[in-house]
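S.K.: Chain residues, written in single-letter form:
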Amino acid sequence: MALSRRQFLTLMGGSAGAAVLFQACGLPEKELLIDSPPAMPEDLVSGIDNWYATTNNQGGSSEGIVVRVMEGRAKKVEGNTNHPLNLGGHSALSEAALQGLYHPDRITAPQVRTGPRGSGEYREISWEDAIARLSSRLGELDSSNENNKAVFVSNPTGGHSGLVLEKFTDSLGSRHLSYEALETNVLRTALKAVFGTDSIPEFDIDNADLVLSFGADFLSSWVSPTRYARGYGEFRQGHEHRGRLIHVDSRFSMTAANADQWVHVNPGTEGLLAMSIMQVLSSSHSNAVFGDLDADGVLDSYSPVNVANEVGVSVDIINQIADDFSHSEHPIALGGGSAGAHTNGTQNLKAIYSLNHVASNLGKKGGVLLNPRSPIDGVGAAPPSNSFSEFYRLAEEMKAGNVSVLMVKDADFYYGMTDTADMKVALDSVPLIVSFGGMMDDTTSVADLILPQHHFLEDWGTDVPLAGPGYQMIGFQQPVVRPFFEHRGSNLGTKGFADILMATAQVMGKDLGLDGETFKEVIKNDAERLYELDRGGIVANSFEGFWNGVLQRGGWWDTSYKIDNVPEVNRLDGVASPEFGGLEQEFYIQPFISTLGDGSAASLPWLQAMPDAISTATWQTWVEINDKVAGKKGISEGDVLEIRPANGRTIKALAMPNPAVPPDTIGIPIGQGHRDGGRYSAGRGANILSVLDSKLDSENGSLAWAATRANVTTTGEWIRVPKFENTVPEFPRDEHQDIIQITSGDNH
Amino acid sequence: MIPGDFQPQKPTGNQLAKLGVLGVVLLGIFIGIVLVLTFVISSWMGRPVIFGHDGPDQPIEFPHETHVEELGMDCTFCHRTVEKEAAASVPATGLCMTCHSSVGDDLEGITKMRSLYEDGRSIHWVRVHRVPDHVHFVHEAHIRYFSEKDGVEAKDVCATCHGDVASMDKVQQNRALKMGDCVNCHKQNNAPTDCVTCHY
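Protein sequences, first through last, are from chains A and B.
So for the first sequence, our numbering puts the first residue at 1; every next one is plus one.
So for the second sequence, our numbering puts the first residue at 1001; every next one is plus one.
There may be inaccurate statements among the hints.
With beta-carbon atoms standing in for the labels, derived distance ranges [what the hints assert, rightly or not]:
id	chain 1	residue 1	chain 2	residue 2	range
1	A	R529	B	D1106	39 to 45 Å
2	B	Q1009	A	L11	37 to 43 Å
3	A	G72	B	E1070	57 to 63 Å
4	B	H1124	A	T114	38 to 44 Å
5	B	E1118	A	T108	24 to 30 Å
6	A	R529	B	E1118	45 to 51 Å
7	A	T108	B	T1160	28 to 34 Å
8	A	G72	B	D1119	18 to 24 Å
These are computed hints drawn from the structure, not numbers from a lab.
Every residue gets a Cβ at the ideal spot worked out from N, C-alpha and C, and that includes glycine.
The task is simple: from the sequences and hints, build the whole structure.
M.R.: If you want it as structure tokens, here you go:
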């Protein structure tokens, strides 16, 4: 049969079309296969969820969480209703943990740097190779007796991870420093002086009737906000009489916004105010207990008349606060945040916490409950961080060539140190930087070798809370999912941090003296010791039953194991006036924590998109500035401002005028301005920490991060501030009724 | 004009456009019908082909007869999730190895299964029973209903749809398992026959 060209093309088109059509309707080959894998988890039932309890202590505060897992994937985080601290509540940081677990920019295997430092050029290597590289370098230092040239910098690490880390650095003879961008160091120094222990006590806000807080934004970011927010609910609504909150702060924070009375003070004068309150109590209120507290008579010079002017509060208000405090049955005084971030920070906090001695509320309901030691010897809460002055010294040593190996875990000090240019020079002088980061951050981006650790939802661990519940407890952390990069095989993928250290020590032939071959074994063996104590909330006939009970509840606690004795009262010291860098500059800079913690959570888009509690701004770095001051300067919302401290370093941020900002203050959130850290944070916003003056606390050398002053200039640029407020229309029930009515002339 | 004097008028541009639209619409409907028919026919004829076959060849000749009739094992011993979830599920080879790490040394299938297990590789069984993707069949609900109604154990319900698998050399489908089959059975048992019962 002769086939014309036209017929041929028609047939070809037709048959190709039919083939496509029928193929599309047919079944893909794999649909007809059923997979029978070598092993399947016992409890895997498709379509039915499992909830696993674990502990989140990322970002410093401890929270018991339960994670919903379906078919091996974590789907949702909720608060653990059993956990003594949060009792079912959970923070945004816990909620967003899933985004950390499934982050597209996680590091999936060990890496070695191939390009210049900071270029981001890396090559994948096997775990065997990576551990060999680290251990051989450490071994060289060991054999030449230069062990102290190896330095380990980590976040303050407690629990069993802290134990392994300590044993590792001890066995190597290397130095270990703990780093925190915003230190709890000052707080812990003050607590040690006032209460004799540097663990943070339990504040029984639940049962208090007056909370007098100084600078501590405890409802949004201070120490253990989930626990305090839960207590706050009880405090306000759980009793017949609603508790009263007085908040003393130089910035209008979320806690200030919730307070019955926000007492605005000049920055750094919180301690003076506390002293003055005590002076009033000692001179005119008979029920205040002073004992030896003021045996030296230091209070005499802090009468309201003497300090009112410096504090910026009228004599009447000081008297009124003292009056309220002495007439309350269960008053608590607490302080921290910016109150401890001045050159007189430790003194401020010591004065503030001494108010609790005056109220004699220690160990009492609605008062301050000290925390007992950890139930497992050698496994405790995270140690206090090293101060900024120690990190300055470390930087100097790096420059002098005294640091050969720098190991870094969860400590982004290249981001958090005030003068990052100087830190860069220091880091460049270190021959080998090893990071254990599971995600890029500023410090990991200059590492030569990356040994990526598991996400906390994939790893084992324990957690002795820094701010415990007032009785003995230890939280347990278990993997809720298999490691996400497990499919890359055992020589790639991620590993647990403690297991990496244990493997390195093994390769080096060092005995860490741990009871177990793997990190899980170490934890399980210590859990057996807990079982042998034969007390606490978990009763079981066998250790296996106890172990399951501990993992199901997310931890072990003994509500009857408390501290009963009241510590001796140390005599009061005086409080100096705060000092500031650049007094000729116009504004006090008030850095504050918004939604990104100290910046370590900036890689998580849910937290980036979470509106700030006061301004509702998101995804940016903004400047809270008084609206009248802004009006005078011709600044309106979205104007790009340049912040100019006297030290010459500058950043740019968007103006966000707000009537609640004190006229002499600008508030700037911490957490943006990362060089690296994944697609959601790199190059976004500006890092306020990088422009702060290096003013230090006079007693312990911590950074006084609220002691910088700056000028503000406009750049002429404008960017719309991404914010929640006014982006959703309000719908009043009728046109004459506003949802919120703001009236003027109301003083209370 | 005289009545009956018919002079065809030249179509105006407007009419031509309308005709064109009509044509396109008709063509669209035609293509739609062809697609639907193709889909219906291919899904009816779709694999697994149920007629004129004695069941597909499997990578390992698994003798149901030995396990069920001779050893007396329950269906639910291996198909563990059949009482709990939508799918009956095929067991992991780890379960096979509980016995076959020591039983059946001289059998070819066992040797093959062991080597796959040791290499960490899956067995890819060929599916015998399958309903289309737009149908949700939930084993758990059917097993529960029939075992309560007839007062029997789950293992005795399986044969209602799957036939006497215990005596089959090669597992094969012996019931149509098409929509008519489903609807008939639902009617007999006063089960709902709303579309969304299965198509959701």
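S.K.: State for each hint whether it applies.
M.R.: Going down the list of hints, with the structure as the test:
1. R529/A <-> D1106/B: 39 to 45 Å: violated (51 Å)
2. Q1009/B <-> L11/A: 37 to 43 Å: With Cβ atoms ~41 Å apart, the hint holds.
3. G72/A <-> E1070/B: 57 to 63 Å: violated (36 Å)
4. H1124/B <-> T114/A: 38 to 44 Å: holds (40 Å)
5. E1118/B <-> T108/A: 24 to 30 Å: Hint holds: Cβ distance 27 Å, inside 24 to 30 Å.
6. R529/A <-> E1118/B: 45 to 51 Å: At roughly 38 Å between Cβ atoms, E1118/B and R529/A fall outside 45 to 51 Å, so the hint is violated.
7. T108/A <-> T1160/B: 28 to 34 Å: Taking Cβ atoms as reference, T108/A and T1160/B lie about 48 Å apart, which means the hint is violated.
8. G72/A <-> D1119/B: 18 to 24 Å: With Cβ atoms ~22 Å apart, the hint holds.
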